[in-house]
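Enquirer: Chains as they are written, first to last, in the working numbering: chain P, 2 to 187; chain H, 2 to 187.
Treat the hints with care, since some could be wrong.
Because identical chains share one entry, a pair is satisfied inside a single copy or across any pair of copies.
Derived pair list, reagent style DMTMM-like, types lysine to aspartate or glutamate, alpha-carbon separation capped at 25 angstroms [to be verified]:
id: 1; residue 1: LYS31; residue 2: ASP72
id: 2; residue 1: LYS140; residue 2: GLU7
id: 3; residue 1: LYS71; residue 2: ASP25
id: 4; residue 1: LYS71; residue 2: GLU7
id: 5; residue 1: LYS31; residue 2: ASP183
id: 6; residue 1: LYS44; residue 2: GLU86
id: 7; residue 1: LYS136; residue 2: ASP72
id: 8; residue 1: LYS140; residue 2: ASP179
These are calculated hints, taken from the structure and not from any lab test.
Protein chains: 2
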Amino acid sequence: MEAAVERAMDVFWSRGYHGTALPDLLQATKLSRGSLYAAFGDKHSLFLRALDRYIADALARMEFEFDPLKDPIDGLRTYLTGYVERTSGANGRRGCLLVATAMELAGQDAEVGRRVAGFFRAMESRVADALARAKAVGKLADGVEPTSAAKILVCFVEGLRVTGKTAPARTSSQATADALLDRFVR
Amino acid sequence: MEAAVERAMDVFWSRGYHGTALPDLLQATKLSRGSLYAAFGDKHSLFLRALDRYIADALARMEFEFDPLKDPIDGLRTYLTGYVERTSGANGRRGCLLVATAMELAGQDAEVGRRVAGFFRAMESRVADALARAKAVGKLADGVEPTSAAKILVCFVEGLRVTGKTAPARTSSQATADALLDRFVR
DNA sequence: CTATATCTGGACTGATTGGTCTTGAAAGGA
DNA sequence: TCCTTTCAAGACCAATCAGTCCAGATATAG
């Protein structure tokens, strides 16, 4: 059941909502038409399940990266490096279900809009928290405000996901991310 | 004719490629089915025309903002303010045809992929050029490398277009953009 | 072995997709 | 006035869309 959601997520991920047809989902989930509708209701509901799964994965990752027991600067570094990895080469071309969904549906689909907005808020607050902890131990450059810098970093990584669709080289993106973080840390 | 492309662009802009159906385009362009196919061939070709138009508009805007005769820092400020305006409130919710297209099609449609990649390259080089001119007159902060900072700024504004789908307040986005630029200028 | 419950593959629905073609009205030139 | 060209309106096409339904195979339970 949960495996079916994951496989459906993969399909939506690489084809978008309007771009995936029922047969694609049937083939990926290995469910019959009847079973799929019995289990998930309709295409839209299944999509929401897949999106929730995607968001949960991302939140779990951040929970690990921004663990309060670890050094916040290290956390920010691995957070950025993770995005660099996901937005380079073939990974980059694959794109991001959340960003694609934001662009495709967030403006017209309220259920989707709430989820997307909530995710961006959650990411921003986690990054801001890490920055605040870094500032508390004097590791931030002068004049860097955690909440403002967090907004910058969130926009930056989501922008990486966009430019990543053209499959840039990992080394280049990594250097860019490093250059940005260097503007914030002491 | 060119007006029809513009109206078609508006439709693709707010509904995406797969999300717009022929009747939507007929209504928007006020063309009959036969005329539209005679003029543009098919949906995909019309979409390419619309995308090219969108890109041309953006390039023209940058040509103005980054006019070599003007102060490059002023140019960067108005460039960023323009994106803030376009990614706030209702404008933000409307989104960006280029970013939406990048996420929806760039990975699978080679014609689209080339255009998207070319646009990002063009924007990056224009921003880098402005930064280089600013650096030449000593207006950049220590250690800021124009090409690297340009990549950061491009990712940032494209990320703004993504987070903008949740319709944030203009003042907040403006403060964020200002905070980022302040990290680069002296 | 029988009864029940579950699930599959696929037929089927009405609506909609992108695209073609025909008909007839309007317009323009000679 | 007459001939040609242009174009709008919409009928029409095969394919595909999301979603429903059912007959039959399979499995489980008693």
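Enquirer: Work down the list of hints and note, for each, if the structure agrees.
Expert: Cross-check of the supplied hints:
| no. | hint | result |
| --- | --- | --- |
| 1 | LYS31 x ASP72 | neither (44 angstroms within a copy, 60 angstroms between copies) |
| 2 | LYS140 x GLU7 | neither (39 angstroms within a copy, 50 angstroms between copies) |
| 3 | LYS71 x ASP25 | neither (42 angstroms within a copy, 53 angstroms between copies) |
| 4 | LYS71 x GLU7 | neither (30 angstroms within a copy, 52 angstroms between copies) |
| 5 | LYS31 x ASP183 | neither (48 angstroms within a copy, 53 angstroms between copies) |
| 6 | LYS44 x GLU86 | neither (31 angstroms within a copy, 35 angstroms between copies) |
| 7 | LYS136 x ASP72 | within (12 angstroms within a copy, 34 angstroms between copies) |
| 8 | LYS140 x ASP179 | both (16 angstroms within a copy, 22 angstroms between copies) |
Checked against the numbered hints given earlier, the structure breaks hints 1, 2, 3, 4, 5, 6 and satisfies all the rest.
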